[in-house]
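Trainee: Here the protein sequences come in this chain order: A and B. For what it's worth, the working numbering labels the leading residue of the first sequence as 1, then goes sequentially. For what it's worth, the working numbering labels the leading residue of the second sequence as 1, then goes sequentially.
Honestly, the hints are just simulated from the structure, not real lab data. C-beta atoms are modelled at their ideal positions from N, C-alpha and C, and glycine is treated no differently. Warning: the hint list may mix true and false statements.
Stated by the list, open to error - List of simulated lysine-lysine pairs, DSS-like, C-alpha gap at most 30 Å:
# : chain 1 : residue 1 : chain 2 : residue 2
1 : A       : 457       : B       : 398
2 : B       : 290       : A       : 128
3 : A       : 392       : B       : 290
4 : A       : 52        : B       : 10
5 : A       : 36        : B       : 57
6 : B       : 57        : A       : 137
7 : A       : 137       : A       : 402
8 : B       : 57        : A       : 464
What the hints assert, rightly or not - Now the in silico label distances, taken between C-beta atoms and shown as ranges:
#  : chain 1 : residue 1 : chain 2 : residue 2 : range
9  : B       : 149       : A       : 458       : 39 to 49 Å
10 : A       : 14        : B       : 25        : 50 to 60 Å
11 : A       : 9         : B       : 201       : 35 to 45 Å
12 : A       : 102       : B       : 314       : 49 to 59 Å
13 : A       : 105       : B       : 197       : 40 to 50 Å
14 : B       : 28        : A       : 292       : 32 to 42 Å
15 : A       : 75        : B       : 57        : 17 to 27 Å
16 : B       : 226       : A       : 70        : 52 to 62 Å
17 : A       : 102       : B       : 394       : 34 to 44 Å
18 : B       : 229       : A       : 292       : 29 to 39 Å
19 : A       : 102       : B       : 102       : 50 to 60 Å
Each chain is listed here by its residues.
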Amino acid sequence: MDSETSKPSKYERFRIETKPAPHVYQIPNKFDVSAKKLRLAAMLVHEAFEYKLNKEVVLSRPCIYGVFGGRFGGFKPLKHKCVGCMRCVQEYPHIMAVKQSDEYKTLGDSFWTPEAVFTIWNEASTGKIPVKGMGYKGAFGGEGFDGMWTDMSEIVRPTRDGVYGREYISTCVDIGRKPTRVDFGKIDQSPSSVQVPVPIIFDDLPALEFDVWNAVGKAARKLGTFFVTHDQTRGEDYRERMIPIVDDNSLDETLEKRPSIVEYDGERSDLSEKLSDSLQSSIVIARVPLREESGLVACKLAREGVHGLHLYADYHGQDYSEDPKHISESLKEVHQLLVKEGLRDQVTIIASGGITLAEHVPKAIICGADLVGIDTTVLVALQAEFLGETQKRGTYKLRPRKIDPAWGTQRLVNLFGVWHDQLIEILSAMGMRDVRRLRGDIGRSMMDAELREHSFKGIAWATKN
Amino acid sequence: MGNQELIVEKHSERIHHGLEVLPTLRHGLPAGLGNKRWTAELILATYEMALTGDLPKNGLEHKIGDSGGGFDVLGWKNNGFPKVDQDSVDLSISLNKRGEGRKIEIPLPIYGGGMSFGSISLNFMLARVRAAQKIGTYTSTGEGGYPDAIVPYRDHVITQVATGMFGVREETIQYAPIVEFKYAQGAKPGLGGHLLADKVTSEVAKMRESSMFTSLYSPFPFHSVYSVEDHKKHVDWIKTVNPRALVSVKVSTPTDVDMVAIGSYYAGANIIHIDGGYGGTGAAPEIAKKNIAMPIEYAIPKVHDYLVSEGVRDDIVLIASGGIRTADDIAKAIALGADGCVVATAEAVAVGCTHCGNCERGRGCQVGITTTDPELSQFIEPEWGEQRIVNLYTAWTKRLRWILAGFGLKNIRELRGRKDLLVRYK
Ligand code: SF4
Ligand code: SF4
Numbered sequence: 001m002d003s004e005t006s007k008p009s010k011y012e013r014f015r016i017e018t019k020p021a022p023h024v025y026q027i028p029n030k031f032d033v034s035a036k037k038l039r040l041a042a043m044l045v046h047e048a049f050e051y052k053l054n055k056e057v058v059l060s061r062p063c064i065y066g067v068f069g070g071r072f073g074g075f076k077p078l079k080h081k082c083v084g085c086m087r088c089v090q091e092y093p094h095i096m097a098v099k100q101s102d103e104y105k106t107l108g109d110s111f112w113t114p115e116a117v118f119t120i121w122n123e124a125s126t127g128k129i130p131v132k133g134m135g136y137k138g139a140f141g142g143e144g145f146d147g148m149w150t151d152m153s154e155i156v157r158p159t160r161d162g163v164y165g166r167e168y169i170s171t172c173v174d175i176g177r178k179p180t181r182v183d184f185g186k187i188d189q190s191p192s193s194v195q196v197p198v199p200i201i202f203d204d205l206p207a208l209e210f211d212v213w214n215a216v217g218k219a220a221r222k223l224g225t226f227f228v229t230h231d232q233t234r235g236e237d238y239r240e241r242m243i244p245i246v247d248d249n250s251l252d253e254t255l256e257k258r259p260s261i262v263e264y265d266g267e268r269s270d271l272s273e274k275l276s277d278s279l280q281s282s283i284v285i286a287r288v289p290l291r292e293e294s295g296l297v298a299c300k301l302a303r304e305g306v307h308g309l310h311l312y313a314d315y316h317g318q319d320y321s322e323d324p325k326h327i328s329e330s331l332k333e334v335h336q337l338l339v340k341e342g343l344r345d346q347v348t349i350i351a352s353g354g355i356t357l358a359e360h361v362p363k364a365i366i367c368g369a370d371l372v373g374i375d376t377t378v379l380v381a382l383q384a385e386f387l388g389e390t391q392k393r394g395t396y397k398l399r400p401r402k403i404d405p406a407w408g409t410q411r412l413v414n415l416f417g418v419w420h421d422q423l424i425e426i427l428s429a430m431g432m433r434d435v436r437r438l439r440g441d442i443g444r445s446m447m448d449a450e451l452r453e454h455s456f457k458g459i460a461w462a463t464k465n
Numbered sequence: 001m002g003n004q005e006l007i008v009e010k011h012s013e014r015i016h017h018g019l020e021v022l023p024t025l026r027h028g029l030p031a032g033l034g035n036k037r038w039t040a041e042l043i044l045a046t047y048e049m050a051l052t053g054d055l056p057k058n059g060l061e062h063k064i065g066d067s068g069g070g071f072d073v074l075g076w077k078n079n080g081f082p083k084v085d086q087d088s089v090d091l092s093i094s095l096n097k098r099g100e101g102r103k104i105e106i107p108l109p110i111y112g113g114g115m116s117f118g119s120i121s122l123n124f125m126l127a128r129v130r131a132a133q134k135i136g137t138y139t140s141t142g143e144g145g146y147p148d149a150i151v152p153y154r155d156h157v158i159t160q161v162a163t164g165m166f167g168v169r170e171e172t173i174q175y176a177p178i179v180e181f182k183y184a185q186g187a188k189p190g191l192g193g194h195l196l197a198d199k200v201t202s203e204v205a206k207m208r209e210s211s212m213f214t215s216l217y218s219p220f221p222f223h224s225v226y227s228v229e230d231h232k233k234h235v236d237w238i239k240t241v242n243p244r245a246l247v248s249v250k251v252s253t254p255t256d257v258d259m260v261a262i263g264s265y266y267a268g269a270n271i272i273h274i275d276g277g278y279g280g281t282g283a284a285p286e287i288a289k290k291n292i293a294m295p296i297e298y299a300i301p302k303v304h305d306y307l308v309s310e311g312v313r314d315d316i317v318l319i320a321s322g323g324i325r326t327a328d329d330i331a332k333a334i335a336l337g338a339d340g341c342v343v344a345t346a347e348a349v350a351v352g353c354t355h356c357g358n359c360e361r362g363r364g365c366q367v368g369i370t371t372t373d374p375e376l377s378q379f380i381e382p383e384w385g386e387q388r389i390v391n392l393y394t395a396w397t398k399r400l401r402w403i404l405a406g407f408g409l410k411n412i413r414e415l416r417g418r419k420d421l422l423v424r425y426k
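Same shape as in the complex, but just chain B (with noise of 0.2 Å):
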């Protein structure tokens, strides 16, 4: 073994074993971890739930972080003793409502994310088709192309059409069983996307069929929809493409989300969904992520209840995403009208991402999951975050199964606008 995959894989095994031993707390809670909303404790019960595949016995809290509003200020109703045998309890949902086309289900009311090849590495990319398939749901790609090595995942694939258009092929929104419009991004709503010419490698150009080392920007919004018709015909264009392809419309969330979502469904969307502001993202401006757009927390009731007063709620499916931690965070989002949830930052936590927000310096995220470098991207292997990530949604389908089962519901589906169950704290 040459000095280089020494070095990799001295700290590769470092990490890896920090991951495991931090959540001990032997070496108590590392002062300078964490933030208000993805608390030390919260990453650390991450971590140890993406190792153990069950809930923290150490007390750590994994429900909730200290942001002091939104999820974090709202609890269950004391629920006492699970009413019904938790292992019975179906957590699965329908991902088409409309009568026509294809029935996908997915056994947890959780997919993945979309995170571009190009802003996080290949290896961590695979870490998620590879979960996405063993637990038999989906994760995006993202805006950046269709690489090839997760060709033999596209069953778990959905394809994102994002306005920059790159990776956009007629064979990569053949391979997909859902195709994503990505209009807006929660964390940088009405922004489009940038990608730092660090990252722009030889492949990355390549997949996006564009120049190495210059900087990628997708523009906002798309340059060929200006109406509610206009949408109506990209989805019309994916259908004609691959009429089996269930479409998703991705949008963020203005004051006339409702609005928006019912313009979805007339479009004929399959999925709307709405990404809140306090989720994840490559590099954006801070000033968008703090400011723009209101949280998912308030979004999910607007929509819901809107959909249900023009009588459609049960023919479209309503996802929602940005800033969804943990399995509690994914209840409190169904209790409060959503269908089930988009995840993406709490993968990358489950394979030692610190929340620290360096994802755009240098050479990159010093772990291996938003990076391009060669060497970085190594720390991540794709079979040791597939079963980091299954551990993880392991973990929380025990917990989303103990909060069904305390209320004496038998299936996710029963929970749906139930904001009855929820208190909320002062």
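Looking at chain A on its own, in the form it has when it is part of the complex (with noise of 0.2 Å):
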């Protein structure tokens, strides 16, 4: 035997072990299935005639997925079993009726839909990506990523393996300042940049229970990624996964831990300083909120040297502006400002505010971001309660529960699981193998208002009757 050809590949295809972590607290059923009773009764008289007591016909149920299969049938169905196929209401229309429970309708709030919701928590409990039959059921296009579509290549693929090729495909991006040239003699004295193998980092979140911060950390990780807060006492065990915003009060803290990545409010050109000065090896990023003038602002920031801009908009995704606009366009303008500048690559931008689901990751990609952060998303995977608006950040209405760091853990990792495989999808279609290639990609994407405009041209407006 060839000696050389049987050694072990040290390669390790990289994936995100996703395990079953089923909800702890009931979710509502999606659907709510009655039976008019007295109906009900009266059909299995008249079916017990019909088929002379045979009582397997007569039992025989007319859903598939056991809703009556109960010790009271359909007297008392098993609601949580339904599907929402409706085959009980075409066999038995005058008995039988569903619908959309009231609990289900109302999960949420203005921004997160009751399907946003069930998505996320589906994701986080089952570790495996939404999938379904038949078409498309949503509104045809919409505001910010819903009025957005992703290209697709005809012929180009990434991999040759098809669907087991995805491991091939690359993810990472870099957080930091990336050298422009080659520096021969050691002149540029930026810390070296840090990679993580999914562009997602856990942004910061308003005061916290304790184990939350324990699964957020823990699966940061595990996942080779970073959580973003305030509060250096949160997930302090997996301090080497923590970007510390930093403010007066923390200054001190901070120089003294070296974090490898370190946030500050970008409007604090003195904290900027102290900063650079005193964390050489360290990654600074500015926080900036989105509104008019960001572009301008980062590209000063740029100019001063930040490694990083952390572009924020509202939790809904809205922007800072007088007239607020979603975070898809103010980080276009950004993003494009920067270009134009010639500094867009000399800073790593992270976006977030309203990242709540898979597509919107390479959606935000595209418009610029080179990763994204998320945050009310932890929040709904670890089955947090909605008690209102989640817009401010200040202010935002959604009670995180009592939780097991374990539990929540792989809640997190199954998110992130389930979402790298969606970007590897999105990524598969278009042809690339690299996420790093979709940045600012605007050319690979397409807008509804601009697809509107272009093929609807010549068609009159007029009004409904």
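Dock chain to chain to rebuild the complex, using the hints, since each chain is given by itself in its own frame.
Mentor: What follows is the structure, encoded as structure tokens:
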């Protein structure tokens, strides 16, 4: 045997190990099934005569999902099993009624639709990407990311392995300043960049339970990503994965702990100087709210030498302009200005706010981000309770529940695994081998408004009677 | 009759009865039925048309859904009363506009889209091919091979050649009046196909020359095609095996769909079939359906205009699919620039589909459409299904004729590219 060829390969394919982490708090039934009891009884009597008391035939039920498989059959349906197929209504329209349950319909808030909440719950609990039969069932387009489609390539595939080849598509991104030229004399003193295997980090959230942060920290370690926090007591055991947001109070502590990445309020140039002077091996990122002049601010900060910009909108993805725009719009503006000024490659852009579904990741990257930060999605995955609107960063109404950190970690690992898989689906459809090539590639996307104007040109407007 | 047969008969009768009763709205509009694209009313209107062969008389909405865009925000200019005799309106289109090759005409601008054996029941497949034969149009095998049971209908069956090459044999290509290359599918563009293990029964495995109860993937893309020249070789291959066959090329709707279309023309295709993202599929990741590639409403004018500007529009047939639900969608697609449409989901709705999306769960479709379960498959008797599909198209024919007659058009070919007859609503 040739000893050269028999050596085990050191190559390990990147994969995120998902495994079931079922809901610990009961989730609402999606469908509400009910039977008119008198009619149901009458139907049973009728069928008993029709089928001459043949029990097997009389009691054979229309539901293949076992909703009427309980002791009391249709009199007490097992509602949690209903998938809304409507066959019982087709067979017995005078007896059966199926509708979306009230608890389901009131889930979430004005931004988080019940469907989105269910999607995140299912992704976090199963670790499997959502697959359904028949076609798309939702709205045609919409605002923000909903009004955007990604491109596909008819004949180019990044790997020849079809669905098995997804491991060969890179989703790694770098955080930090990249040298723009070969530096023989070691003139560039920038710290080396840090790589994350998936272009997603956990963003900061206002005060939260210790267990939640333990789950976040542990998940960040398992996934090789980072979590941002303004409170450095959170997830302390996972400090190497922490990106502290530094303010006056935490400056000394931060300088002492020397994190690999640090964030600060982009308006505090004094802090920036202190950090750059004292933490020469750390990647320094400025947090900048997205608003009218964010592009100019971003250029100024890039020129001053920050290594990255964390651009954020509110939790519903609206920026902080007088007339708020969706993060997709404002992100594009900042990215394009940085490109125009020749500064884009000097900084990493992290985008957060309103990144709540898997498709938002590639779409935010197309709009110009290198990677994204997720926030309320983390809490939804951990079955937090909606108590009102979740829009405002300071006062969002989403109450975390008590969790077991190990369970929470698995839920977040599952979420990342599923989002990673879906990112790969998008990249492979586009024929791309590396997520870094997607950044700012607006040409590989299609906007509802633009396509509509082009394709419906010449069609007169009218009002419906 | 044994109990199993009695059970099938019982539920079959009940389902069929329900499809008759529900559109009467005697029990109201079922609250849990439908979604934005296929609203409850649209589903019930389709049941009604499949029952009567006529448009609903009780005001059920049969023209548009509630998606808030695309076909659903387009309407017709007020065209008043018919200006020509509706019965004389010609709905036929040609499927070969090239100077050479076989001339094929279909009496209405519709043929059936690919739904493969394995992803749908044999009974539903039979219903579809029988309906195609009765109408004088075609339906496509999809990628699951060519069951013996449909060979008698082969003059109305399009053989699909897709990347998995399942069931593609010399004889199935030679049977075909039209061979369809599936490069991509709108609902899962760029992702290939996936038949879940549960559906790969012994018959399905035999047909696809694979192992039982093992998931089957059709890769993406064709591994032998990396250029228009490679694609031309494919077309030439089919034309060598079956010189009489017309060739259709089914593609998705990327940003450069117009270039793809011209490439297909160059390669010798007779039909360029563009499939938008909002159409049907067996199982597909939700992320793909909603987010990848453009809706068909936007792709049609892009391709039509480009083919016109290249001076080849009258040499190639442009067929649109992926979200065509109603007769009005068809007429709008044609007014936007298509020659005709491919329809699949509406045929499933005609036989009882609720667009619930549970096709891949457990035993498959509860009413026997997308399933290989021996009991459930029996809910669709081929003759019954055939008649329902024929009825649906008969009703659509009436609506199409009404639209055309209102504009004084005697021929559906005159509607092509007439965006000026459309209006759009805010
Ligand atoms: S809707 Fe379908 S799943 Fe729900 S109870 Fe009725 S038959 Fe069962
Ligand atoms: S499972 Fe639902 S969506 Fe699928 S074919 Fe059957 S009725 Fe239609």
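Trainee: Using the C-beta atoms of residue 105 of chain A and residue 197 of chain B, is the stated range 40 to 50 Å upheld?
Mentor: Distance hint for residue 105 of chain A, residue 197 of chain B is violated at roughly 35 Å.
Trainee: Next pair to validate is residue 36 of chain A with residue 57 of chain B; report whether the Cα-Cα distance is within 30 Å.
Mentor: holds, 29 Å
Trainee: CB of residue 226 of chain B to CB of residue 70 of chain A, is that within 52 to 62 Å?
Mentor: 57 Å Cβ-Cβ, so the 52 to 62 Å window holds.
Trainee: Going straight from one Cα to the other, do residue 137 of chain A and residue 402 of chain A come out at no more than 30 Å?
Mentor: violated, 35 Å
Trainee: Given the hinted pair residue 52 of chain A and residue 10 of chain B, is their Cα-Cα distance within 30 Å?
Mentor: holds, 13 Å
Trainee: For the pair supplied as a hint, residue 392 of chain A and residue 290 of chain B, is the alpha-carbon distance within the 30 Å limit?
Mentor: Since the Cα atoms of residue 392 of chain A and residue 290 of chain B sit roughly 28 Å apart, the hinted pair holds (cutoff 30 Å).
Trainee: Given the hint that residue 57 of chain B pairs with residue 464 of chain A, does the C-alpha gap stay at or below 30 Å?
Mentor: holds, 21 Å
Trainee: Against the range 50 to 60 Å, how does the distance between the Cβ atoms of residue 14 of chain A and residue 25 of chain B compare: consistent or not?
Mentor: Given range 50 to 60 Å: holds, Cβ gap about 55 Å.
Trainee: Do the beta carbons of residue 28 of chain B and residue 292 of chain A sit within 32 to 42 Å of each other?
Mentor: This hint is violated: roughly 51 Å between Cβ atoms.
Trainee: Verify the CB-CB distance for residue 102 of chain A and residue 394 of chain B against the hinted window 34 to 44 Å.
Mentor: For residue 102 of chain A and residue 394 of chain B the Cβ distance comes to about 41 Å; the hint holds.
Trainee: Given the proposed pairing of residue 457 of chain A with residue 398 of chain B, does the C-alpha separation stay at or below 30 Å?
Mentor: holds, 29 Å
Trainee: Has the hinted range 50 to 60 Å been met by the Cβ atoms of residue 102 of chain A and residue 102 of chain B?
Mentor: Check passed, 59 Å falls within 50 to 60 Å.
Consistency with the previously given hints fails for numbers 7, 13, 14, 15, 18, ordered from lowest to highest.
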